[in-house]
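2 protein chains.
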Amino acid sequence: MLIESPAAGVRTVPVAALHGSVADPLLESMNFLNEVTARFPEAVSFAPGRPYEEMFDPACITEYLDAYIGHLRRAGHTEQQVRTALFQYGRTKGQIHDLIAETVANDEGIHIAPEAVVVTVGAQEGMVLALRALFADPRDVLLVSSPCYIGMTGAARLLDIDVVAVPEGVDGPDPAAVTAVACEVRATGRRPKAYYVVPDFANPSGASMPVEARRRLLAVAAAEDLLVIEDNPYGFFTRESEPRPTLKALDEDGSVIYLGSFAKTCFPGARLGYVLADQRVRAGDGTTGLLADELAKIKSMLTVNTPALSQAVIGGALVLSKCRLRAVSGDIIDFYRTNLNTVGVELERHFPAERRKSLGVRWNRPDGGFFTVLRVPFVADQAALERSAKEFGVLWTPMDAFYLDGSGARQLRISSSYLRPERIRDGIARLAAFITAETQSSGKDGQQ
Amino acid sequence: MLIESPAAGVRTVPVAALHGSVADPLLESMNFLNEVTARFPEAVSFAPGRPYEEMFDPACITEYLDAYIGHLRRAGHTEQQVRTALFQYGRTKGQIHDLIAETVANDEGIHIAPEAVVVTVGAQEGMVLALRALFADPRDVLLVSSPCYIGMTGAARLLDIDVVAVPEGVDGPDPAAVTAVACEVRATGRRPKAYYVVPDFANPSGASMPVEARRRLLAVAAAEDLLVIEDNPYGFFTRESEPRPTLKALDEDGSVIYLGSFAKTCFPGARLGYVLADQRVRAGDGTTGLLADELAKIKSMLTVNTPALSQAVIGGALVLSKCRLRAVSGDIIDFYRTNLNTVGVELERHFPAERRKSLGVRWNRPDGGFFTVLRVPFVADQAALERSAKEFGVLWTPMDAFYLDGSGARQLRISSSYLRPERIRDGIARLAAFITAETQSSGKDGQQ
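Chain order of the listed sequences is A and B. Numbering follows the working numbering, in which position 267 of the first sequence is assigned residue number 267; successive positions increment by one, without gaps. Numbering follows the working numbering, in which position 367 of the second sequence is assigned residue number 367; successive positions increment by one, without gaps.
Since the hints were derived computationally from the structure, they do not count as laboratory data. In this text the structure is predicted, and so the values were computed from the model without any measurement. Just so you know, nobody snuck in bad clues.
A partial selection of chain B residues facing chain A, derived with a Cβ cut-off under 10 Å: (1) G90; (2) E125; (3) P268; (4) K297.
Anything over 12 Å on all C-beta distances counts as not near chain B; from chain A, calculated: (5) E102; (6) G109; (7) V211; (8) V319; (9) S321; (10) R326; (11) D334; (12) S358; (13) L404.
Note that CB positions come from ideal geometry on N, CA and C, so glycine has one too.
Same shape as in the complex, but just chain A (with noise of 0.2 Å):
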């Protein structure tokens, strides 16, 4: 790309591509998602994996504020030091790690000590930091589960980092293909660093990982020498009542770096989230420290610390909770379980059996989280979903995007969480007449 000026463009200068492992398209189909989403505002949109919002109340803001005052005051914080909280520069790694330890171990069983956690701007630039300090020559290669939150990708893409994908099975990420590829990609001379998993309700794919395939993957990584990078932001809405131990839970010997989000347990406006990183850094002279310091490191440089505000809103909803966000949460946690469980008694319903079968249309049934795949017998894209937003007013995420290679051209994502019952009815009801109308209009050969 070059940049011309705004005048008589003249001059051109060069413009960085964000080249790397993952192709522009991406953005574009972001963008166009969006676009789309915005010229048919009437449509159902099964589109956004964004958090419900209807109760959501701008006086809940204050509040939490308030209660955030409160926890500094009752801590010893003169009326200056709650100042300089809220308001000044802060520590890199930010001013409610202590709140974010308790909550982790009262509502995930991770045990890790606050020095150990570093507040950032969402869980991107998590993902930003932990790649940046773990990634440092072109040979090192970034393992993913696949499809993959185009989150990950895209860091990965900001820092030319090469990502490979190793394909989710039938039960969900999967221990064995891990220790595959990762001998596939030693033998080109590369080298495996880590691993990328959302192993709760993943991000399109809605998949997890029962609860034997997490300890084979954890002994997986200590064999392959491999770091787990477990992003969870969907663990919460479960259709158990106990839901499965992360990852980090049960890591005995520092394999896994957790990324953690309030942007559905609390909402992302505030754009919080965390890494768990307690693992040791030796320095050359001996000396060892936390890579939760290293992040910090990396932190300063690109955003300096976490904005107080969101620290201090979020912080004080940890506060009202307890420290136990779940505990809170069951209404939401109700909620979003009924959506789920919506669109699969909607899908059958419209879908029976036979139907099905002869259509050539499948589906997954996540245990929980906000997402379910759709497979169907004619190529879902940009073109069939401008089709289905305009004869069917309804929308859904193409799956491509989510895929490395480009596949995935058959599949779409069905996200329930923004939605209220009665509007996923109504959206599956137009979603069925599009399928239905798109597979007789591609004919036999989507029948497979």
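With chain A held as given, fit chain B onto it using these hints.
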């Protein structure tokens, strides 16, 4: 560095060193400064470039938030749209771009389309976005006015971009030196891509560019095919009632990318900054777009979007000021002006002409901003800072970290932003005693 597991420490994984154009001592000196500051809480500290914080009032957060919500309602937002704006994921380029465009028009005479504004997590993220967009090739070089703010050299280091220093002249950043260094860089087969400068009251030197020099710099940028990255955190805080025009206000051919920040004009805890990038970008297929949209693509992989909370609170402050921050900032502008004058007056009192000549002590007299630089006849390093803190109860910032070549060993930076005038008078007296003692102990060789 090596990572070892917290357990047996069997596994080791290399961690990427923060190599590049700036050495680790930079961060270490900042860490040392924080550590000394913590160890000597009673010392008068001229070290932090922080804004004064006594006027911060937690109540104003709710006041600003309400003002922004009122602004949205007047603009026709429904209650649901207000909720979405505060709590949900947002526009990648930001949601207060229109308020920022109006404010820079009123306060800086910069007339720019709101679409060319990218709202960032502090100016620091803006630096990373600009560098990642512009620097494509290992031969590309960033020129920086030297001594240079460590945030920019840090951002370049994060992205492994080579940095070459352009020494400040007696009148501050020097256009002729930019031409000379650009030619030297080309002679080595490398390509100068951009020049980073703080034209008003630079951190750390306090130096500014006369208006005529600004025009010459823009001519040099056009002639040398350089983009200028203008960073303007301190332009507000001038001795004159009429501030100098920014480079961006004088820019007629799209040479200038402007980095703005609300950290000093509002408060740092929002971590809110912005980039003005109205350069046109032409794609291979001939379609054109805005550089701001290229920055947004990168931002989507770095922080997704700037926290809506921070935008709402700062947006409210802009609304309350009718997008004329300068007009409502008279008191704080006077405060910083008084503080800077107090530093000069007190230095003059303790080091009258004859005495400073015999001691070999000099300082500059900035027209505004937060910083004054002293040249002393001894090495003002960490050991000297330790003695200054321990024996004289006064802190300052060693200057060597602001130079790529580690020069500036006999300079120290005095920040006058964070203290009350009476505390400044006390602190300069302590500093004078320290400088006198050091000079005498360092003996004749110091006299230069």
